[in-house]
Amino acid sequence: MTTLIRTEMRKLTSTRSGVALALAPAVYTVLVVFLVRVHGGADEVTAIDLARGVGDVVPLVWGVLGALAIAGEIRDGSIVATLVAVPDRRRLFAAKAAAVALTAVAATAMALVAGTLAAASLAPSTFLDAASAGELAQTIFGVLAVAAGFAAIGVAIGAVVGQPTAAAVGLVLWLLVGERAVPVALGVNDAARWMPGRAGEALIDAAAPLPESLAAGSAAIVLGVVVATAAAVASEVFRRRDVTS
Amino acid sequence: MTNHRTPTSDLVVSDLTKRFGRQVAVDHLSFTARSGRVTGFVGPNGAGKTTTLRALLGLVTPTSGSVTIGGVAPHDLTAPAAAIGAHLDPRVGPAGRRVGTHLALVADLAAVNRHRVTDALAEVELADAARRRIGTLSLGMRQRLGLAVALIAEPQAVVLDEPFNGLDPGGVRWLRERVRALASAGRTVLLSSHLLLEVAQVADDVVMIDHGRLLAAGPIADLGDLETTFFDLTTGREP
Numbered sequence: 001m002t003t004l005i006r007t008e009m010r011k012l013t014s015t016r017s018g019v020a021l022a023l024a025p026a027v028y029t030v031l032v033v034f035l036v037r038v039h040g041g042a043d044e045v046t047a048i049d050l051a052r053g054v055g056d057v058v059p060l061v062w063g064v065l066g067a068l069a070i071a072g073e074i075r076d077g078s079i080v081a082t083l084v085a086v087p088d089r090r091r092l093f094a095a096k097a098a099a100v101a102l103t104a105v106a107a108t109a110m111a112l113v114a115g116t117l118a119a120a121s122l123a124p125s126t127f128l129d130a131a132s133a134g135e136l137a138q139t140i141f142g143v144l145a146v147a148a149g150f151a152a153i154g155v156a157i158g159a160v161v162g163q164p165t166a167a168a169v170g171l172v173l174w175l176l177v178g179e180r181a182v183p184v185a186l187g188v189n190d191a192a193r194w195m196p197g198r199a200g201e202a203l204i205d206a207a208a209p210l211p212e213s214l215a216a217g218s219a220a221i222v223l224g225v226v227v228a229t230a231a232a233v234a235s236e237v238f239r240r241r242d243v244t245s
Numbered sequence: 246m247t248n249h250r251t252p253t254s255d256l257v258v259s260d261l262t263k264r265f266g267r268q269v270a271v272d273h274l275s276f277t278a279r280s281g282r283v284t285g286f287v288g289p290n291g292a293g294k295t296t297t298l299r300a301l302l303g304l305v306t307p308t309s310g311s312v313t314i315g316g317v318a319p320h321d322l323t324a325p326a327a328a329i330g331a332h333l334d335p336r337v338g339p340a341g342r343r344v345g346t347h348l349a350l351v352a353d354l355a356a357v358n359r360h361r362v363t364d365a366l367a368e369v370e371l372a373d374a375a376r377r378r379i380g381t382l383s384l385g386m387r388q389r390l391g392l393a394v395a396l397i398a399e400p401q402a403v404v405l406d407e408p409f410n411g412l413d414p415g416g417v418r419w420l421r422e423r424v425r426a427l428a429s430a431g432r433t434v435l436l437s438s439h440l441l442l443e444v445a446q447v448a449d450d451v452v453m454i455d456h457g458r459l460l461a462a463g464p465i466a467d468l469g470d471l472e473t474t475f476f477d478l479t480t481g482r483e484p
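Chains A and B, in that order, give the protein sequences.
Quick note, the first sequence lines up with residues 1 to 245 if you use our numbering.
Quick note, the second sequence lines up with residues 246 to 484 if you use our numbering.
Since the hints were made in silico from the structure, they are not lab data.
Treat the hints loosely; a few may be bogus.
Where chain A lies over chain B, by a calculated footprint (3+ residues, C-beta under 8 Å) [stated by the list, open to error]:
| no. | region |
| --- | --- |
| 1 | 301-313 |
| 2 | 339-351 |
| 3 | 354-367 |
Ranges between beta-carbon positions, derived for each pair [unchecked claim]:
| no. | chain 1 | residue 1 | chain 2 | residue 2 | range |
| --- | --- | --- | --- | --- | --- |
| 4 | A | 184 | B | 410 | 17 to 27 Å |
| 5 | B | 364 | A | 224 | 44 to 54 Å |
| 6 | A | 27 | B | 370 | 14 to 24 Å |
| 7 | A | 177 | B | 410 | 36 to 46 Å |
| 8 | B | 268 | A | 182 | 31 to 41 Å |
| 9 | A | 90 | B | 370 | 32 to 42 Å |
| 10 | A | 110 | B | 291 | 30 to 40 Å |
| 11 | A | 169 | B | 372 | 57 to 67 Å |
From the three backbone atoms N, C-alpha and C, an ideal C-beta is built for every residue, glycine too.
This is chain A alone, in the form it adopts within the complex:
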């Protein structure tokens, strides 16, 4: 299983688009730090702000990479060679989910380090001591957990949808629009905080939670249940899927 996960991780960065996606959070974070500095606000950037900023993009980036990891392989035909070599589809699905989640955690950590170095070099006097170590650790843990969770959710969506564009667009629309619009449309505004994206936000903001957010423990349970359910459903759908193209 370890070899399979390692191979799946190498697949993710075997194309320029994969590398670009993996580096996107780091580039985004450093860019934001510099833009804040250009606009004279670097003194107000704390380490927690930085981690939260990374947290804003990780569900989208890793969800999309996860969806492309499996649906892209179905589209480009390389899934045939993969399934001939690894016919146990549940094992393959688990390996892909683990590979994307591990890559997400590693690349998110890299983004945090890159952003930290950039911010510390621009405003060393205020940046490093602007947050308590405990709160910062809690925020970083939340960001990494959300990265891993949405990577797995992305793989699940990719396995179910099987078409990379539809899977990626669907995921983005859900996170940006669906999570807010659906509860309103159904007349249950309070349900929004139970959505996976909002639960992820609550996990990241655990050190300073918003009044309408779930508590960190509840948010972790919600995200965990969503990941487990999506993985179980997708693994079974993928096992039964006829690969016809």
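Take the given structure of chain A and dock chain B to it, following the hints.
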């Protein structure tokens, strides 16, 4: 590549039926592709050839009936990559991935030593293209890469779907010789093609289907002129 194989690599399709919704793609089809022989698999467009090949590889689940590779169902193979290799689709892999990287990833999945990457590229005469990205390859070169993927683990049986498409005359001759060499080494080769003259030149046995049903099967010498037999049995539909 010269080892003789045991006759356990026969590909057996037994009473295979595959439906997609209400459409019957394969209808109670039975045949055997034997080791040490090239079996040509022919039929008009939409006859069910590709669905049958995909069922053999475990990519689609039979509605009824069974398929076996050396007597074992695809999902029960203990060393699947060593049992069967396949090239079904000239897309081969992501356009942005390098040829050598792609083959190395397939080798890792198949638990094959990396030195096979160099050997396989040399076998299909793509050694100079190892650093090129798949998207920059011609159709003929992608067909060669697909064959390298199929052969990376030196499998006992090889399934090829329309491998002659996109090859220039030199490439066609080269592939014909490669396919014959595989059978001579004791491997089972099941080759689907709509190029009847190519099938007639390379195959020992032929399986002919239409509407998912078996029309004829047996040694090519017993079928007479393949093209005439084909049009007689398929009432003139294009292969």
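Hint check:
no.	hint	in the structure
1	301-313	holds (count 5)
2	339-351	holds (count 9)
3	354-367	holds (count 3)
4	A/184 - B/410: 17 to 27 Å	53 Å, violated
5	B/364 - A/224: 44 to 54 Å	46 Å, holds
6	A/27 - B/370: 14 to 24 Å	40 Å, violated
7	A/177 - B/410: 36 to 46 Å	43 Å, holds
8	B/268 - A/182: 31 to 41 Å	35 Å, holds
9	A/90 - B/370: 32 to 42 Å	38 Å, holds
10	A/110 - B/291: 30 to 40 Å	50 Å, violated
11	A/169 - B/372: 57 to 67 Å	40 Å, violated
Checked against the numbered hints listed earlier, the structure breaks hints 4, 6, 10 and 11; every other hint is satisfied.
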